[in-house]
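So the sequence lines, in the order shown, correspond to chains V, E, G and R.
Numbers 11 to 330, taken from our numbering, label the letters of the first sequence in order.
Numbers 11 to 330, taken from our numbering, label the letters of the second sequence in order.
Numbers 11 to 330, taken from our numbering, label the letters of the third sequence in order.
Numbers 11 to 330, taken from our numbering, label the letters of the fourth sequence in order.
One should not assume that every hint holds.
[To be verified] Here are the in silico distance ranges between beta carbons for each label pair: (1) G/R130 - R/P252: 31 to 39 Å; (2) G/P45 - V/A324: 53 to 61 Å; (3) G/R130 - E/D263: 35 to 43 Å; (4) G/R300 - E/A46: 52 to 60 Å; (5) R/A46 - V/H204: 50 to 58 Å; (6) G/D59 - R/A46: 51 to 59 Å; (7) E/D93 - V/S312: 20 to 28 Å; (8) V/H253 - G/V208: 50 to 58 Å; (9) E/M285 - G/A213: 54 to 62 Å; (10) G/S310 - R/P252: 28 to 36 Å.
FYI, nobody ran anything at the bench for these hints, they're computed from the structure.
C-beta: ideal position from N, C-alpha, C; glycine also.
Given next are the chains, with one letter for each unit.
Protein chains: 4
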Amino acid sequence: MTTRASSHRLLTEAQEAEIRESREAESRTRRCSVPALEEILYEPIPVLDHGFIRVIDYMGDDAAIVQSARVSYGKGTKQTRGDAGLINYLMRHRHTTPFEMCEIKFHVKLPIFVARQWIRHRTANVNEYSARYSVLDKEFYIPAPEHLAAQSASNRQGRGEILRGDDAARVLDLLRDDAARCYEHYEVMLNERHDGSVIDEGAAGLARELARMNLPLNTYTQWYWKCDLHNLLHFVSLRADPHAQYEIRAYADAILETLKRWVPVTTEAFTNHVMDGVQFSGAALGVVRRLVAGETPAQSDSGLSKREWDELMAALGRTG
Amino acid sequence: MTTRASSHRLLTEAQEAEIRESREAESRTRRCSVPALEEILYEPIPVLDHGFIRVIDYMGDDAAIVQSARVSYGKGTKQTRGDAGLINYLMRHRHTTPFEMCEIKFHVKLPIFVARQWIRHRTANVNEYSARYSVLDKEFYIPAPEHLAAQSASNRQGRGEILRGDDAARVLDLLRDDAARCYEHYEVMLNERHDGSVIDEGAAGLARELARMNLPLNTYTQWYWKCDLHNLLHFVSLRADPHAQYEIRAYADAILETLKRWVPVTTEAFTNHVMDGVQFSGAALGVVRRLVAGETPAQSDSGLSKREWDELMAALGRTG
Amino acid sequence: MTTRASSHRLLTEAQEAEIRESREAESRTRRCSVPALEEILYEPIPVLDHGFIRVIDYMGDDAAIVQSARVSYGKGTKQTRGDAGLINYLMRHRHTTPFEMCEIKFHVKLPIFVARQWIRHRTANVNEYSARYSVLDKEFYIPAPEHLAAQSASNRQGRGEILRGDDAARVLDLLRDDAARCYEHYEVMLNERHDGSVIDEGAAGLARELARMNLPLNTYTQWYWKCDLHNLLHFVSLRADPHAQYEIRAYADAILETLKRWVPVTTEAFTNHVMDGVQFSGAALGVVRRLVAGETPAQSDSGLSKREWDELMAALGRTG
Amino acid sequence: MTTRASSHRLLTEAQEAEIRESREAESRTRRCSVPALEEILYEPIPVLDHGFIRVIDYMGDDAAIVQSARVSYGKGTKQTRGDAGLINYLMRHRHTTPFEMCEIKFHVKLPIFVARQWIRHRTANVNEYSARYSVLDKEFYIPAPEHLAAQSASNRQGRGEILRGDDAARVLDLLRDDAARCYEHYEVMLNERHDGSVIDEGAAGLARELARMNLPLNTYTQWYWKCDLHNLLHFVSLRADPHAQYEIRAYADAILETLKRWVPVTTEAFTNHVMDGVQFSGAALGVVRRLVAGETPAQSDSGLSKREWDELMAALGRTG
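The shape of chain V in the complex, shown without the other chains (with noise of 0.2 Å):
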């Protein structure tokens, strides 16, 4: 999933020493241990261009989660379901608890736009890099061309065509450029090349607190990110629906492919009953039932709204 090449990119040769060393430190545990997860233990899972995630440490697996749901029901346990007819169950019928007896730690690197709308997710633990203690890296999101979208007409929050020849390149121009100057003027405010080095000895530098602000957004930081696995599931459930903007998208689905590593059957029936899954509403439901009895329901009659309506048509696959 992550190569040495790619990752060699992502990280100082410092970093690369320390996750070597990190993967190398075997130790004997009595909880429990999944071996496809320390397979990948500490290593970077390359993300946009200068971004990853790392799985730093987790706490359970999904044996860890039927467990803690056959304490609640006790001696009742018929144990002629097994595991993942259990885990099925708890996933249909939202008893989420047992999945909050799993944690999992993360080390993201990622453009602080980004991290602005993942600390919205307040169920979680976070410690991030601070730009008031230390310089930040000079390092910014550039989108690849193919995600170099136009806004989009139909929906305000959402992604139109693909920008093309003279329109990307004056993006891209753009963006580079400010970014460069912007972090140009900012060792200048501090006074401090990226290196350490001070540029005018007879001058002060600004508080790193303030020379921050003029950095643009898509500058990266890094945080260790923690949370249990249904707030984690929340996460994906939402960040990678096709209604997220692609580069938070871009962290999540790499969280999912982790997911798949740790918990296997938790996640095959999280993607089943809640990615690939649907809510109908009741009166949606009224026209589904009138639709499998046969009757040929139209919009005006329904209770739903166009749009309700097409999207409701869509998911039964009768667009068109």
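Take the given structure of chain V and dock chains E, G and R to it, following the hints.
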């Protein structure tokens, strides 16, 4: 909804007087007000045999939700969609934060075993009557005959037939007698009668925080409970559900009635999209699509378990 | 800390076997491990007469806290301060987020009235034994004679002298008899004995979710409880405090012992700064300053109430 | 606190009109009202150069806190302690739940780098202006000369001397120029001017959600933010602290002024116990005791680090 007659039995004379006073003391405010909710402000709404809910305070209304949503949309808002349309849109697309902008505070009297389920909803604020500090009232929940259900044979977490005749009488006698005896011994251990008088001047009374452990789980307690509207709707969706225990459902139903007064547009959207709505898994949606296309899929090749299939057919009105 | 002898009485044979199996099944991991905590992993630590706590899983250690903090400080970290120094600094300056990066999961058996206090700590995950689904065990908390305290005369929320002789005997008899009778009637209502056998083949049993309401608050329940280290320290600071009820303090004390094994550096900093620490108000600090300067301030002109003054003098070791 | 003159510059004419209308539309309510807060309801209180806070709604007052606390104490309350005494007691003993019973909602306009610190307070509700959906305003925070501080030499996370002359002028020029240029290019990428007009009819505009990444961190955003009083006091205690960055402290100070109008008794207790208060570790308390007893302890045998010792001596007014 609540009558003097019924509320009279729920409250002491002092409490009645306090409520009267609160209701008479009107003031002017620049905040938004909801006349239909003001009408029942402070009034106890009876639930179960000795319980109630009372709205003590509230913040916001349907218009406040719309206003908060429009802050997000900024200049981009097409004002063409009316308030009801916007609220429907928010509910349908799980844009939950505007609903968090409303808040309500209840005074609730409820049996301890109900309180134990209720408190599991963590995103709320609560101040409970302290049985370390004060003596609990002599009030116990005794189910009405029509709620005295046998254990369900098919659902380990549910109720079956209503008990009748001797079976019912025996249960009611046991519940009443044990509650009365436990409370009497609670007083003996405290060496203090319910009216505050000492039982035996020569003896020492057990600490309240210890004596209370003799009381059964149907003893009534009370608390102030404050919650934002988004989390309150989540509470109602889980606790007014047929799978919830009847006793907490009775409270959730009373809250739902209150919501109709407070935020009628939101409550209607919630009823349609959540209470009357249904979640289909990807596999179930596949079956629905085939049915709508006129095919006749079988459970065996549907990817659904027998139970999921039955639930789907029931949802589609195809039982039997 | 726990002996086979004492744990033997806490668990069924099946549970003993399961713990033995879990403890023997070691695996290799790249995650950090804490040998001192591994040593007691899964083992029940007895609390009260029938309760226990068991560590089921954990994530992180003292080094993980330091590592998370260093992410925040980035390149700006002076590595001169050692780990203990940094942890002390974080604790002293309320930089709480690095402590949130550690997580621990307990299996706890506890009386219901203790569970009711415990659950008030909302930032945690919990899976409780369901008395809707299963039949509760016949186990009740009966205080040891040395904890059978009278109501405090001075503190409405506290305990006074220990009851002696007949007073004590009478209380113990009442608690034991009422618990036994309530449980017996619980079985009668369920129409099912503790061992699962039916009492009266011709009669219907009351639903479990209803029958349980006859049980007293000293009945034992159990749950899996998971919490991050920051919130766990907050729990301990409130519940291992002399103002907390003895019964929950017994659990908080057992947790504190566990913390010494898991995160010894953090636990020492916590003990110094929080458990042994004191918060002085601005007015109290004014008095302290005058005392240190050799003045002899009086309560009357201190701005402190009599009670605050007394507490301050006690904290300064100037009582009497 | 806010003048028409100063608020005039903060808002558009349409917003001014909306506020006027809101302020004039009074209604009657049975809820508690706070005249001193009603006086400034909806009015913007200026913060920094283009920011503000406005109180939009509130629930509860000092009396509501007392009422909630009395629910906990039930019949056991000695009514002898007045409201102020009870609130002081709650504050001193960290009985935080009654303060959670009050709620307040603000409309805040603030620079993005301040918003990034602010959002770390998770127990609150927020609706932010969406730069995916709408075009951000052309407004940037440029520090006033007296806040243009150099990096502190002693504290990596703090400010030192104020920049003067050329150093200051250079920084202000860079900040102003970069903000202006980035915003201009934001418009170019959007292919849309700030007034909504299209720049080049033949070209496609970049999606808003992408174009915004070119804007610097001192760009202003705005949100509705709702919080209970307990968590708001925690926010103020951390953000009105001298260790907080000046720019967020300016907002915390404005909130503190608002609190004096809303809950004056609570604010006074909070100021005394928390803002003016001090936390001493066990080791520090040992030193204080020895000083009070007339001894002259030395840092070397105090168990305190040099820095802790210095902080203690400063708190005791024994510097130099």
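- Those earlier numbered hints the structure runs against, lowest number first: Hints 3, 9 not satisfied by this model.
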